[in-house]
Every structure is written in structure tokens, then in C-alpha cells.
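Enquirer: Sequence:
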Amino acid sequence: MDSSFFLAKEFGRKGITPFIDNEIKRGESIGPELIRGIRGSKIAIILVSKNYASSKWCLDELVEIMKCREELGQTVMAIFYKVDPSHVKKLSGEFGKVFKKTCAGKSQEDIERWRQALVKVATIAGYDSRNWFVLLISTVSILEFS
4 MDSSFFLAKE FGRKGITPFI DNEIKRGESI GPELIRGIRG SKIAIILVSK NYASSKWCLD
64 ELVEIMKCRE ELGQTVMAIF YKVDPSHVKK LSGEFGKVFK KTCAGKSQED IERWRQALVK
124 VATIAGYDSR NWFVLLISTV SILEFS
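All residue numbers in the sequence shown are consecutive under my numbering, ending with 149.
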């Protein structure tokens, strides 16, 4: 079982309904259902792992989430799971290598949008992989009911 299952279960116990994209059919670009889900959320939680940048889908979602943060004031929380936020920000280390592979053959416009979104998410105070679960549940509960 992955961490999204445990998050969904714990949020449900607290009366919070999560929108998790696991059930959505993946295509070349994120679709209207996912955009509605992102835009309709009060809080977006981004789980950034060392392979996060290997997914064009995840990067496109991140761009949309960061747009909602700027335009709608959406609360965005980041969990850096076994990846250093400075590697995300600087696109360095293993994270940078993965990102570079994903960028091969993509437009400069897409690459720049992804890069900007990654830099922005890396500057958000986040949780590291040792303590994220307990702190995240507590923080979201406070935000949801305040």
C-alpha cells in the first residue's frame, strides 16, 4: 500500500475528503477532471520524491497547483520524500538528472514552466521524510477547520 492510501484513510477519520488522482486515466496532458479537482481544493499536498520529475503528468499537475496558489490563494504543502529540497530548487543531483531526461524532446516553454514550478515548490517550507506524516495530518486538520 502506498502513502496516499494511509493519508486518505487518516484524513477521512478527521472528516476531510481528499482528492487523489490515482483513479484518473492518464494521458498526454492533464484533463479537465483533474484541473477541476486541483482548482476545487483548499489545500494541495505535493509529495516530491527523487523520481517525481520523471513524470510529465506530475510536472503538469505541479504547474497547475502553483498557478492556483498564486491566483486563488490555495494553500500548498510540500513533502520532500528522500530528496533534498535544494536539489529540487537547483535541479541538481539525482533529481536534476531525472528532470533532464524528462525534458529531452520537450518544448522550451514546457521545460521553463516545469522549472519555475519546481523552484517555487522547493521554496515552500516543507516536511522531510522522517516526520512528515504526523505533522501533515495535524497541520491539514488545523487549516481545514479554521
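One or more hints might be untrue.
Label pairs and their in silico Cβ distance ranges [stated by the list, open to error]:
| # | residue 1 | residue 2 | range |
| --- | --- | --- | --- |
| 1 | 18 | 110 | 14 to 20 Å |
| 2 | 112 | 57 | 28 to 34 Å |
| 3 | 12 | 109 | 16 to 22 Å |
| 4 | 99 | 70 | 20 to 26 Å |
| 5 | 46 | 97 | 16 to 22 Å |
| 6 | 73 | 107 | 33 to 39 Å |
| 7 | 108 | 75 | 31 to 37 Å |
Listed next, the in silico DMTMM-like pairs over lysine to aspartate or glutamate satisfying Cα-Cα at most 25 Å (straight line) [what the hints assert, rightly or not]:
| # | residue 1 | residue 2 |
| --- | --- | --- |
| 8 | 100 | 112 |
| 9 | 93 | 73 |
| 10 | 92 | 36 |
| 11 | 12 | 74 |
| 12 | 85 | 74 |
| 13 | 92 | 74 |
| 14 | 70 | 115 |
| 15 | 53 | 63 |
| 16 | 85 | 97 |
| 17 | 123 | 112 |
| 18 | 92 | 63 |
| 19 | 123 | 113 |
| 20 | 104 | 74 |
| 21 | 100 | 74 |
| 22 | 93 | 67 |
| 23 | 93 | 36 |
| 24 | 103 | 87 |
| 25 | 103 | 74 |
| 26 | 103 | 67 |
| 27 | 85 | 112 |
| 28 | 100 | 73 |
| 29 | 70 | 112 |
| 30 | 104 | 73 |
| 31 | 93 | 112 |
| 32 | 100 | 36 |
| 33 | 92 | 112 |
| 34 | 45 | 97 |
| 35 | 53 | 87 |
| 36 | 123 | 63 |
| 37 | 103 | 113 |
| 38 | 93 | 115 |
| 39 | 53 | 74 |
| 40 | 104 | 64 |
Bear in mind the hints are in silico, worked out from the structure with no lab data behind them. Glycine included, each C-beta is placed from N, C-alpha and C at the ideal position.
Enquirer: Work down the list of hints and note, for each, if the structure agrees.
Expert: Tested hints:
no. : hint                 : in the structure
1   : 18 x 110: 14 to 20 Å : violated (43 Å)
2   : 112 x 57: 28 to 34 Å : violated (20 Å)
3   : 12 x 109: 16 to 22 Å : violated (36 Å)
4   : 99 x 70: 20 to 26 Å  : holds (23 Å)
5   : 46 x 97: 16 to 22 Å  : violated (28 Å)
6   : 73 x 107: 33 to 39 Å : violated (28 Å)
7   : 108 x 75: 31 to 37 Å : holds (32 Å)
8   : 100 x 112            : holds (19 Å)
9   : 93 x 73              : holds (21 Å)
10  : 92 x 36              : violated (29 Å)
11  : 12 x 74              : violated (30 Å)
12  : 85 x 74              : violated (30 Å)
13  : 92 x 74              : holds (22 Å)
14  : 70 x 115             : holds (14 Å)
15  : 53 x 63              : holds (17 Å)
16  : 85 x 97              : holds (11 Å)
17  : 123 x 112            : holds (17 Å)
18  : 92 x 63              : holds (17 Å)
19  : 123 x 113            : holds (15 Å)
20  : 104 x 74             : violated (30 Å)
21  : 100 x 74             : violated (31 Å)
22  : 93 x 67              : holds (20 Å)
23  : 93 x 36              : violated (32 Å)
24  : 103 x 87             : holds (17 Å)
25  : 103 x 74             : violated (28 Å)
26  : 103 x 67             : holds (21 Å)
27  : 85 x 112             : violated (29 Å)
28  : 100 x 73             : violated (28 Å)
29  : 70 x 112             : holds (15 Å)
30  : 104 x 73             : violated (28 Å)
31  : 93 x 112             : holds (18 Å)
32  : 100 x 36             : violated (31 Å)
33  : 92 x 112             : holds (18 Å)
34  : 45 x 97              : violated (32 Å)
35  : 53 x 87              : holds (9 Å)
36  : 123 x 63             : holds (14 Å)
37  : 103 x 113            : holds (12 Å)
38  : 93 x 115             : holds (13 Å)
39  : 53 x 74              : violated (28 Å)
40  : 104 x 64             : holds (18 Å)
Going through the hint list in order, the structure does not satisfy hints 1, 2, 3, 5, 6, 10, 11, 12, 20, 21, 23, 25, 27, 28, 30, 32, 34, 39.
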